[in-house]
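J.: Here the protein sequences come in this chain order: A, B and C.
Oh and the first sequence: position 24 is 24 in full-length UniProt numbering, straight run, nothing missing.
Oh and the second sequence: position 224 is 224 in full-length UniProt numbering, straight run, nothing missing.
Oh and the third sequence: position 142 is 142 in full-length UniProt numbering, straight run, nothing missing.
Possibly wrong hints are sitting among the right ones.
Pairs involving identical chains hold if they fit within one copy or between any two copies, as the list cannot separate such chains.
Taking lysine to aspartate or glutamate and the DMTMM-like style, the derived pairs with C-alpha atoms no more than 25 angstroms apart in a straight line are [said to hold, decoys possible]: (1) 37 to 26; (2) 185 to 81; (3) 29 to 105; (4) 236 to 216; (5) 24 to 36; (6) 132 to 292; (7) 132 to 295; (8) 270 to 291; (9) 250 to 160; (10) 223 to 9.
No lab work stands behind these hints, which were simulated from the structure alone.
Small disclaimer: the values here were computed from a predicted structure and weren't measured.
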Amino acid sequence: MKQFISVHDVKNINALVEKALMYKADPFKDRTLGADKRIGLLFLNPSLRTRLSTQVAASNLGMEAIVFNVDKEGWALEFEEGAIMSGSSVEHIKDAAPILGSYFDILCIRTFPSLKNREDDYSELYISQFIKYCGVPVISLESATLHPLQSLTDIVTITEELQKSKIKNQKSKPKIVLTWAPHVKALPQCVANSFAQWINAWGEADFVITHPEDYELSEQFTKGATIILNQDEALKDADFVYVKNWSTYKDYGKIYENDPRWMLTEEKLKLTNNAKVMHCLPVRRNVELSDEVLDSVNSIVTQQAGNRVWAAQSVISEILRTL
Amino acid sequence: MKQFISVHDVKNINALVEKALMYKADPFKDRTLGADKRIGLLFLNPSLRTRLSTQVAASNLGMEAIVFNVDKEGWALEFEEGAIMSGSSVEHIKDAAPILGSYFDILCIRTFPSLKNREDDYSELYISQFIKYCGVPVISLESATLHPLQSLTDIVTITEELQKSKIKNQKSKPKIVLTWAPHVKALPQCVANSFAQWINAWGEADFVITHPEDYELSEQFTKGATIILNQDEALKDADFVYVKNWSTYKDYGKIYENDPRWMLTEEKLKLTNNAKVMHCLPVRRNVELSDEVLDSVNSIVTQQAGNRVWAAQSVISEILRTL
Amino acid sequence: MKQFISVHDVKNINALVEKALMYKADPFKDRTLGADKRIGLLFLNPSLRTRLSTQVAASNLGMEAIVFNVDKEGWALEFEEGAIMSGSSVEHIKDAAPILGSYFDILCIRTFPSLKNREDDYSELYISQFIKYCGVPVISLESATLHPLQSLTDIVTITEELQKSKIKNQKSKPKIVLTWAPHVKALPQCVANSFAQWINAWGEADFVITHPEDYELSEQFTKGATIILNQDEALKDADFVYVKNWSTYKDYGKIYENDPRWMLTEEKLKLTNNAKVMHCLPVRRNVELSDEVLDSVNSIVTQQAGNRVWAAQSVISEILRTL
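If we strip away everything but chain A, and leave its shape as in the complex, we get (with noise of 0.2 angstroms):
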């Protein structure tokens, strides 16, 4: 793997999961594979799980890892080509970008949408142009339309799980529910899209997405999945239910509605096949999803986050073998 910024990066997901699974057995294995390299880990905007367990899968990997928040401790920087930078930011990603590919063997970065210009959004200028002249392999911790890492370790969670159950369960394959949720802020569809679009890639589904009208998302990211507008039917016999919100995709960036009969309660839960409940977090609680819901046996959202370490250190190893 020479990067890691989308599914289209990854020859086999479910080698992908089960190292993944293989580290959370066993997470000093590779112990020395990383040894002498270095892991430089920018943040264009704040992060909490991604930054730390992204810090301790490499150092897992025997690799150093050094956060540097551009936002707080650096500057602004230039992604336009032919900026003439009179204006406030401080420096071009063409010379901010292979500099840091000098001091780094691979380098991570989270940038983020503006949710005001959907094409510019979705063109994924920064992160292209980071890729493009940074020179090293490039891991996203997201960006303005995906968030990979997520996905992946959505997918080992959804594994675990059903590896735990595999003797109950002896459907071909489970149903994952896609649930919006209401919020109180205008959120990027990067967790949604990239869900989408890797549980499409991974075949081993029945996926159904269930939004209110208006909340469509980008078909190049949903094409294969069920899309059903009432939530409750939605929800029928559900073996997982991953709860997000997301902004307007076509009207872009927008809040049009904050309903909280789509907020997943325990009343809803029923409708289900006792499913799991994620979400990527921070969930907004009582919001999103209920007290009862979150704290129930049914919700597997720290499990998933804990995961986060594994997927992260599964990806890496992958392209540090690349070396």
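Following the hints, put chains B and C in place on chain A, whose structure we already have.
T.: What follows is chains B and C alone, placed relative to chain A:
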């Protein structure tokens, strides 16, 4: 030791002190004790000495320390049970803490009081919720009401001084005076509370606390100490003077007065038994203590701050042995 | 070497340069030299290249580097002797520095000029106080008036280029031109001062400085260089052009003019001997230098920034040998 939140977690103060002094003499004695273990340092407010000394202590034990400044790098945490999170707090401690517990073997956290609502602050909601949900041993790097690593350091420093001077000083018990000092801001009672709690539990000193009227600390910490409102009288024949400002406890979090006559000066020091002068730092020069005192041979504040490393190393090593 | 604050701390520039190039060829040659040693990196203002390159350099020598962003994570330091600290500064350098010296074996510090009061800035109060009180070797990561690690890097890069081209270029000494460039903000004179100081001390170049009227640098650094106010004339036959903005020195810290004709363009480059173009970065594209120049084969700015690691490693290793 399963956690380090207050003196109540310590079975034998002197044993912990001796261990700290042992590490001071030989920092790398247990250099592999923390191998493959990780310690997370969470700061909800800024820190210099505490952060750096704990990082160094962990590293001396072969552990990797990862720092996370929640206020700067992360987001506002919610601590109230049952909160409907439609406001500004982004993540509930119930969700964040267990994940941090899954990434780290030991967690250190610094929280702080509001100084607005005494009951809330003295309930220690933040650190208690964190301990309740994280599932791994917790070390307090200062909480709303206590600062146990500072107090352990203080007794390490006093012990060190007593050992140096044991031939000269034949008194059975040293006299230790904790004196209030003026300051420009309303400060927590943590350092004073904690020092009182530890010196009382240690039991090897004549312990006097002096402060202006209305600056009484909570009796749960001071019980056992002699309270004298006249500073000059209190300082008489002191072997150690610990200088510290705190805001009012009864009419909570206020500054009642800032009488410069409470500043510790050379003149005041003459009343003592050539006392060693301590302060946890940072210190407001010429407000809390005069330059003359801080720059004199009586001041042991640098030695005291240096000892932060050995106190932290002693505590971490005790917790490591239980993992 | 006991400290690294200016060229005056260096006995033999070429030996230090050769050592840097040796580390570039073999980064892990002295991988255990810094074992059990710690280096603290204090930033009073933000840094990207300096921070990361110094961390990497220390790590190559087996040292642990701990970063502390004083401005972001800590608090305002007081530097004035005798200050009555009843204002906003939280801690005096006299108290903070010796403690940092007790936690670390080597301390690096970045300070900055006010650009308001020339005498204050040129007295180098901040770094001088820090050196005076910390008690361990200090490396400047840029001070109010100088940036010695940058200048060492610059000579490393020039030397590298001269070695590459030594057959082609039979001139005894290369011509190096430091040219002022427009900028949108008032910048320190540090990089220019320091480059002038080092190139003059090195003595292996024909050294020309060109700038608009009123932009004279301090003679204590430029003495020995030829000053030419006509940029075109200065650039003639140059082998290296170092582009840098600085604010006025005489009428201190001002922007007198921002004439775009001082921007280094392809047209200007034709006047030179196909010169290599240098800049310390970050660079304002199409303000200081044109895209055409920065993206041409003449630009060695990425190589130059990459060399920051080897210059830092060379300096740290020299100081380690004295501990």
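J.: Compare the structure with each hint and give your call.
T.: Taking the hints in turn, this is what the structure says about them:
1. In this assembly of identical chains, the alpha carbons of residue 37 and residue 26 lie at most 25 angstroms apart whether taken from the same copy (21 angstroms) or from different copies (14 angstroms).
2. For a Cα distance limit of 25 angstroms, the shortest separation of residue 185 from residue 81 across copies, 22 angstroms, qualifies, whereas the shortest one inside one copy, 31 angstroms, does not.
3. Proximity of residue 29 and residue 105 under a CA criterion of 25 angstroms is satisfied in both settings, with 21 angstroms inside one chain copy and 18 angstroms between copies.
4. Taking identical chains as interchangeable, the C-alpha atoms of residue 236 and residue 216 lie at most 25 angstroms apart only when both belong to the same chain, with a minimum of 20 angstroms there against 62 angstroms between chains.
5. In this assembly of identical chains, the alpha carbons of residue 24 and residue 36 lie at most 25 angstroms apart whether taken from the same copy (23 angstroms) or from different copies (14 angstroms).
6. Taking the shortest Cα distances, residue 132 and residue 292 sit within 25 angstroms of each other only across copies (18 angstroms), while inside one copy they are farther apart (47 angstroms).
7. With identical chains, the CA atoms of residue 132 and residue 295 are at most 25 angstroms apart between copies only, with a shortest distance of 14 angstroms across copies and 44 angstroms within one.
8. When the C-alpha separation of residue 270 and residue 291 is checked against a cutoff of 25 angstroms, the pair qualifies only within one copy, where the shortest distance is 15 angstroms, while the shortest distance between copies is 62 angstroms.
9. For the homomeric pair residue 250 and residue 160, neither the shortest alpha-carbon distance inside one copy (35 angstroms) nor that between copies (54 angstroms) is at most 25 angstroms.
10. Only within a single protomer do residue 223 and residue 9 lie at most 25 angstroms apart by alpha-carbon distance; the minimum there is 18 angstroms, versus 57 angstroms between protomers.
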